[in-house]
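From first to last, the protein sequence lines are chains A and B. For reference, each letter of the first sequence is one residue, going 0 to 358 in numbering that gives the first Met the number 0. For reference, each letter of the second sequence is one residue, going 0 to 358 in numbering that gives the first Met the number 0.
If you are wondering where the hints come from, they were derived from the structure by calculation, not from laboratory data. Keep in mind that the hints are not guaranteed to be accurate.
For identical chains, the list gives no copy identity; a pair is met inside one copy or between any two copies.
Derived pair list, reagent style DSBU-like, types lysine-lysine, alpha-carbon separation capped at 35 angstroms [said to hold, decoys possible]:
| id | residue 1 | residue 2 |
| --- | --- | --- |
| 1 | Lys-141 | Lys-342 |
| 2 | Lys-116 | Lys-141 |
| 3 | Lys-1 | Lys-153 |
| 4 | Lys-76 | Lys-278 |
| 5 | Lys-116 | Lys-65 |
| 6 | Lys-75 | Lys-65 |
| 7 | Lys-239 | Lys-342 |
| 8 | Lys-353 | Lys-116 |
| 9 | Lys-341 | Lys-116 |
| 10 | Lys-353 | Lys-108 |
| 11 | Lys-116 | Lys-239 |
| 12 | Lys-177 | Lys-278 |
| 13 | Lys-65 | Lys-342 |
| 14 | Lys-153 | Lys-239 |
| 15 | Lys-222 | Lys-239 |
| 16 | Lys-127 | Lys-77 |
| 17 | Lys-77 | Lys-342 |
| 18 | Lys-278 | Lys-65 |
| 19 | Lys-342 | Lys-127 |
| 20 | Lys-204 | Lys-222 |
| 21 | Lys-222 | Lys-274 |
| 22 | Lys-177 | Lys-127 |
| 23 | Lys-75 | Lys-342 |
| 24 | Lys-141 | Lys-65 |
2 protein chains.
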Amino acid sequence: MKRVFSHLTVQPDLILLQNASEPFIDDNFFYVTGLDQGLFEGSTALLYPDGGLDLIVSELEAETAKHTDAHLHTYKKKETSNGLFQPQLASATTIGINFAGIAHQQFMKLLEQFPSKQFIDVSDAFTKSRAIKDATELAHIKRACHIADQVMEKIPELTRESLYEYELAAEIGYLLQKHGADKPAFDIISSFGAHTAEPHYTHGKTRLHRGDLVLCDFGACFKKYNSDITRAFIFGSPSKQQQDMYDTVLEAQEIGIETARAGINACDVHRAVSKYIEKSPFAGRFIHSTGHSLGLAVHDGGIGFTDECTDILQEHMVLTIEPGVYLPGIGGVRIEDDVLIKKQGVEFLTTASKAFRRI
Amino acid sequence: MKRVFSHLTVQPDLILLQNASEPFIDDNFFYVTGLDQGLFEGSTALLYPDGGLDLIVSELEAETAKHTDAHLHTYKKKETSNGLFQPQLASATTIGINFAGIAHQQFMKLLEQFPSKQFIDVSDAFTKSRAIKDATELAHIKRACHIADQVMEKIPELTRESLYEYELAAEIGYLLQKHGADKPAFDIISSFGAHTAEPHYTHGKTRLHRGDLVLCDFGACFKKYNSDITRAFIFGSPSKQQQDMYDTVLEAQEIGIETARAGINACDVHRAVSKYIEKSPFAGRFIHSTGHSLGLAVHDGGIGFTDECTDILQEHMVLTIEPGVYLPGIGGVRIEDDVLIKKQGVEFLTTASKAFRRI
């Protein structure tokens with residue numbers, strides 16, 4: 000994991016990552032160690048410019064931590080953990096810290112315990128390094144995408160009149176795990192009818208009725224890497240408006256996909272998609288970004304298809320392309336795929352059917 | 000939510016809580032707002048000593064945020080969010096921050112944007128306030144416990160020869176949601192055989208075989224509040240050693256439960272449990288604490304049944320009591336219940352059978 004250092008202009012003597020308790024776990028801990036399971040609350044990783052790694056973990060997770068080449072140090076009591084890496088810090092002057100992934104309280108403890116050290120923010124280097132996926136990362140993401148695809152293809156079999164949204168969420172979660180996901184990548188969205196117009200709604204006690212739009216947005220987490228896919232369905236026959244919404248979003252997504260390729264400014268993808276929707280009958284109803292970087296985190300940071308993003312797309316980036324239109328009180332449609340950026344375009348990582356399926 | 004202020008010796012003019020992106024969400028945001036759904040990435044809550052509340056949220060979550068009495072401010076772009084509460088901070092000198100729940104990077108941005116303010120750590124006040132549950136919190140936890148109980152009672156029906164651990168985890172997750180959980184409280188532990196000896200192992204591709212111990216540790220998350228229950232089962236008939244392990248742990252748990260009541264030092268519960276196990280054939284094999292505070296977080300902070308904890312148990316605290324013994328390479332047993340501390344003892348919140356069930 001030397002490559003993180005290559006993104007730094009000021010080179011620290013080492014990088015120190017430290018997890019607090021759930022949920023304050025820095026996923027870069029898994030990035031630098033390659034560990035693909037375990038919780039590692041209270042654990043610390045020391046990463047050196049030559050690729051060397053020290054891990055300080057609770058003895059409760061010592062077995063799991065052995066699946067790395069790191070030098071392993073274990074503690075019985077959390078309070079003693081910082082003392083365990085005092086020797087490694089002795090000769091270091093500058094220590095890189097992921098300011099975005101450490102709780103302020105823990106940072107203050109490090110400052111107090113090592114007052115003579117200079118702590119510098121290396122969060123940007125992690126974001127940049129993680130934006131470009133290596134072969135192992137890509138293999139995990141592809142598997143996560145394949146699992147999500149398989150579950151998405153089963154949605155029509157899972158739905159019936161009067162089904163609750165939360166029941167569909169339970170079925171999706173079950174199938175994700177049965178197909179090999181370690182867990183769902185995030186809270187499953189399985190919304191019906193007017194709820195499909197709320198992009199951040201997950202699921203509740205609403206029943207499925209004829210004429211409802213059904214929006215399913217979920218992903219698989221496989222060995223810590225995530226997928227993220229969305230499809231919209233119609234229970235029964237679509238109205239003219241529903242069909243128009245679907246056609247508009249599908250066309251917008253195709254425009255996004257055609258625009259994306261290495262060398263393009265990320266914002267241009269969002270602008271191309273927005274421009275198309277703004278000229279449609281659904282102008283003003285596309286209220287979020289066109290997509291985001293995907294990996295160890297579902298929102299993997301850095302690159303995003305927004306109006307402000309000034310990053311240039313590069314080969315081996317993985318992003319979602321997910322335009323949507325939302326009519327409050329009526330319903331919404333979003334279509335989302337995960338793609339790998341290539342020199343000449345994109346490779347689809349998710350491939351579930353994009354027909355406007357009647358269920 | 001005035002009660003947080005009552006735990007502070009130095010009174011700030013207001014308390015500011017700020018969420019980053021998943022997973023860096025401060026669950027105190029939900030504590031002070033009472034919101035029981037939504038993600039609220041990038042949101043800020045300002046809490047005043049008179050109980051008043053300002054919420055600054057993305058317009059994508061404005062609908063969800065309306066389920067409070069707070070003054071609502073919405074932003075389109077995250078970069079503008081800190082500007083939105085500049086007026087509220089104008090007359091404030093001292094601002095309380097949860098140092099344990101804010102990423103260092105975000106704290107630095109606040110420092111930069113409001114250089115004349117004094118930021119003080121109020122994390123202890125939240126921990127203390129949250130340790131004592133009010134009626135609404137308790138109702139949510141009781142519901143979460145009831146859901147977990149119902150699923151635990153079904154484990155014997157779900158198991159069969161050659162079942163994979165991950166299949167059982169999928170079944171448990173499904174049933175939790177079908178019974179009304181918003182999601183599982185944490186990664187489900189469904190371990191077989193020798194894996195039951197690893198307290199932090201979750202589930203994998205191991206199949207169930209006759210003679211295996213089966214350990215199930217899971218919880219329901221209901222309106223953001225969690226339960227946490229563990230039972231051990233035997234597939235077939237127990238060996239003498241397995242039966243002895245089970246009997247020892249069950250007796251140890253009963254000792255813990257009999258010791259716990261308001262007014263007792265929390266460490267005394269752990270010591271009573273440890274003492275019993277240390278005198279058993281399983282001396283040295285109880286390698287974690289006897290339990291933890293439970294609520295919005297599964298490990299709710301503050302009070303815990305450890306050797307070091309110096310806190311006095313109080314009425315309306317909710318804790319787990321979960322001794323275990325672990326024989327590496329052979330297997331382990333843990334029995335865990337959630338209890339409410341009362342003046343004269345405890346009230347069981349989880350009630351699933353504690354017979355050593357053959358499945």
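Against the structure, the hints:
no.: 1; hint: Lys-141 with Lys-342; verdict: within (19 angstroms within a copy, 55 angstroms between copies)
no.: 2; hint: Lys-116 with Lys-141; verdict: neither (41 angstroms within a copy, 48 angstroms between copies)
no.: 3; hint: Lys-1 with Lys-153; verdict: neither (42 angstroms within a copy, 49 angstroms between copies)
no.: 4; hint: Lys-76 with Lys-278; verdict: between (61 angstroms within a copy, 23 angstroms between copies)
no.: 5; hint: Lys-116 with Lys-65; verdict: within (30 angstroms within a copy, 46 angstroms between copies)
no.: 6; hint: Lys-75 with Lys-65; verdict: within (17 angstroms within a copy, 46 angstroms between copies)
no.: 7; hint: Lys-239 with Lys-342; verdict: neither (39 angstroms within a copy, 65 angstroms between copies)
no.: 8; hint: Lys-353 with Lys-116; verdict: neither (55 angstroms within a copy, 53 angstroms between copies)
no.: 9; hint: Lys-341 with Lys-116; verdict: neither (42 angstroms within a copy, 48 angstroms between copies)
no.: 10; hint: Lys-353 with Lys-108; verdict: neither (51 angstroms within a copy, 42 angstroms between copies)
no.: 11; hint: Lys-116 with Lys-239; verdict: neither (65 angstroms within a copy, 56 angstroms between copies)
no.: 12; hint: Lys-177 with Lys-278; verdict: neither (43 angstroms within a copy, 43 angstroms between copies)
no.: 13; hint: Lys-65 with Lys-342; verdict: neither (38 angstroms within a copy, 46 angstroms between copies)
no.: 14; hint: Lys-153 with Lys-239; verdict: within (26 angstroms within a copy, 46 angstroms between copies)
no.: 15; hint: Lys-222 with Lys-239; verdict: neither (43 angstroms within a copy, 37 angstroms between copies)
no.: 16; hint: Lys-127 with Lys-77; verdict: both (32 angstroms within a copy, 21 angstroms between copies)
no.: 17; hint: Lys-77 with Lys-342; verdict: between (48 angstroms within a copy, 32 angstroms between copies)
no.: 18; hint: Lys-278 with Lys-65; verdict: between (56 angstroms within a copy, 32 angstroms between copies)
no.: 19; hint: Lys-342 with Lys-127; verdict: within (18 angstroms within a copy, 55 angstroms between copies)
no.: 20; hint: Lys-204 with Lys-222; verdict: both (32 angstroms within a copy, 13 angstroms between copies)
no.: 21; hint: Lys-222 with Lys-274; verdict: neither (38 angstroms within a copy, 39 angstroms between copies)
no.: 22; hint: Lys-177 with Lys-127; verdict: within (34 angstroms within a copy, 41 angstroms between copies)
no.: 23; hint: Lys-75 with Lys-342; verdict: between (50 angstroms within a copy, 33 angstroms between copies)
no.: 24; hint: Lys-141 with Lys-65; verdict: within (26 angstroms within a copy, 39 angstroms between copies)
Checked against the numbered hints above, the structure violates hints 2, 3, 7, 8, 9, 10, 11, 12, 13, 15, 21; every other hint is satisfied.
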